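**Q** If you want the building blocks of each chain, they are given just below.
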Amino acid sequence: MRPLTISKVSVLVMTAILASGSRLAHAGPITFLTALPVPQSQAVVHWQYVLVRATDDPTPAERDLTVNAVPLAVAVGATSRLAIFGIIPIVNKSMKVMTPIGRMTRDSTGLGDIVTFARYTIYAVDVAESTFRVAPFGGLKMPTGDSDASDAFGQLPRPLQPGSGSWDALGGLAVTFQTKQWELDADVGYKKNAEADGYRFGDEFSTDLSFQYRVWPRQLSTGVPAFLFAVVETNLISQGRHEVAGTRDPDSGGSRWDVDLGLQYVTTHFIVEGIAQMPAVDQPHGTGLRNDFRLTTGVRWNVSLPF
Amino acid sequence: MENVIMRIYACRGRQQLRALVSSVVLMTVAVLAGTLTVAAQAPTGSQKQAVVSVQGMQCPFCAYGIKKHLAKLPGVTRVDVELAKNQAIVTFAPAANVTDAQIQQAIRKAGFTPGKIEWQSVGEGKKTTGAHAAERRHDCVGCEAKLKTREA
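Those protein sequences? They're chains A and B, same order as listed. Going by numbering that gives the first Met the number 0, the first residue of the first sequence is number 0, and it counts up by one from there. Going by numbering that gives the first Met the number 0, the first residue of the second sequence is number 0, and it counts up by one from there.
Same shape as in the complex, but just chain B (with noise of 0.2 Å):
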């Protein structure tokens, strides 16, 4: 008789562990299927930038070349300058395919010299260039002076 009541026991146990490894596997495959649809659909709905060090550009009238030819190149949304940090940035739309050497090619025809270039994605609804992206990280000098203002 006990030995009746053990199998029993047993094949309950069994089939309780099956029915634990079948949920927690379907559990994996929905998370990891939700997430590369996420992972896919991300660079599609976001917009490229290119920090671009400009070399040699001291006043206003010449940040209007740079501008200029930056803003010729393929998918371009924005350009923003940032004089006191020597900086064009870019804003290039998702679609777009621009590479270094284009960029590079921009600023020398606009004669000056190209230096470093930086890509950072930017969200779509978070859009954040020139001017306020220095903002956002508080390290541009109009938001020195503002922090200074509010701490004083």
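Here chain A stands alone, though its shape is the one from the complex (with noise of 0.2 Å):
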């Protein structure tokens, strides 16, 4: 029987969970980042629950992974052009597996790495009937989050910790446009691990796109009437291998493209939204483990601020 070792645990889920923070739209597109304007002094609030399963393992130790992310975004506009994002998630990560003294469970929760980023619009068309957008963002990852939690067990493995304890650096692309009938929207970004006490996470590179198009109403009325957006999105993620005192994990990493099915309803003030993302290609490292599904639910909110 292969020697059981946890740590073995699909990188790609952590780094989505990770990374999830940096992904969170404003508007538009569900899973990713939209090149949309988030009005000088008014801030968006975003709140979202993640919930990923990974359950298919390659291996006899049938590792069971449960992953439940609360992240709270918050994009504040600077200028017309200039918008700053704050993500601080509150994740809960929590591993099944099988070991010759019996099944055992091994979770941790608490607050994750916040993450900090600015994005401008450098280009931007608008006509009456469309809007285009181009916006680079760029930023950083704290290591606010807990990255030597242990449990009855004694420390947790690197990836179940609730932070990665490194100091990251994040950066993209985002495009979009919107009409009142459909919006498509992509992005590009990637993600530069860097090394905290003796282990790195592989570096990520994550590639999206996002179509919604309008189901109700079918007709727009006077003054500005709620919007309900069906929701196709694609997600591609590729990560490297983690590095452990300088060594490559070969079990760590990988790449996924997920295929989401969503819906989107959209008022002046809020917007609800749900989005189911399913693996089409998953193809981890070694034995990493594969995801089940993600589902994303959110809600966020128009706020004007005081200054």
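By construction, these hints were calculated from the structure, which means they are not laboratory data. Remember, predicted model here, so these are calculated numbers, not experimental data. Zero decoy hints are in this set.
Using 27 Å as the maximum straight-line C-alpha spacing, the simulated DSS-like pairs for lysine-lysine come out as follows: (1) B:115 - B:71; (2) B:84 - B:66; (3) B:115 - B:84; (4) B:71 - B:84; (5) A:179 - B:84; (6) B:47 - B:66; (7) B:115 - A:179; (8) B:67 - A:179; (9) B:67 - B:115; (10) B:66 - A:179; (11) B:67 - B:84; (12) B:47 - B:67.
Once you've looked at the hints, go ahead and assemble the two chains, each given alone in its own frame, into the complex.
**A** Below is the structure:
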């Protein structure tokens, strides 16, 4: 029987949660960032609940991973083109694994790593029937989450910790084309992970596409009616292998391509949304755990600031 | 004798003419004074409305910022947005003194591009704003639908 190493958790599951903050949108797509503006002196508060399940274990360890995350994101319009984002995640990671002494569960709960980044609109074309925006973004993930938490069995493996322990840089580009009937968003991002306490998560590359189609109302009435969008998104995430004391972990990293279906109800003051992300292709390195699904629900509020 | 009678008639005719001219002049002055009085009072009793074209506004969530920034302009009494027509309709108090540049700046702060601005007066007691303004012109989507229903 292969030695049971709980640390060989799918990095893609973990990093998806770690990176979930940076992928929050303030409007438009549900699973990633849009290029639509945040008005000056206003904020968008975005609360999400994310559930990730991963049970497809190719080893006899029968690993079963559940991740619950509650990221709270705030986007503030510093100017009409510059928006500052802050994401505070609360995470719970729980893994069940078969051992020679029986099935055991190890879990952690707490504040995750806070992410902050800025997004600047470098190109905008507004006409009566559409808007087209291009906005690069860049920022930092700070090691605010606990990275040396322990349970009854000792210190938790690094991927099960609420935080990564490292200062990581992230950046990318978001593009949006929006009409009153439909919207198309795309982004590309990269996260450069740094080493902390002899452990370094593999760098992450992601690219996403979202198509939203207004299904209700069929015809626009007077004033500002609420919209119901059917949402189709796709996410491609690829991560390099982790390094433990300078040595690459062969059972870490990999690539995953998700196809997502969701609904989004948009009013003037708030948005309610939900989406299910199903892996179309999941290729973890080595014996990495595959994702079953990922569910994301959320609410966003428009808030006027006093300054 | 005939000469005496002719002079008397001529004298009466001039008096009547003077009286007629005096009456016409007085009436003209009175009408003009009345008209001028009404004209001077009209602006103080009416609100001003700016119909602003907003380029790029495509969804309800975006309309929030536009309404909030326009509402911060001095003297604003009401802001309505017509998403289908890409318009914001801003109603100002009669004493408000807001320029096109201020309105354009408010739209830019909301992250969008201002277009044409049309000013119109709204008489007191006949306040017509937002959707209702469009309804009165019968050119909004809702009214078109209503009219079609009535015609059917």
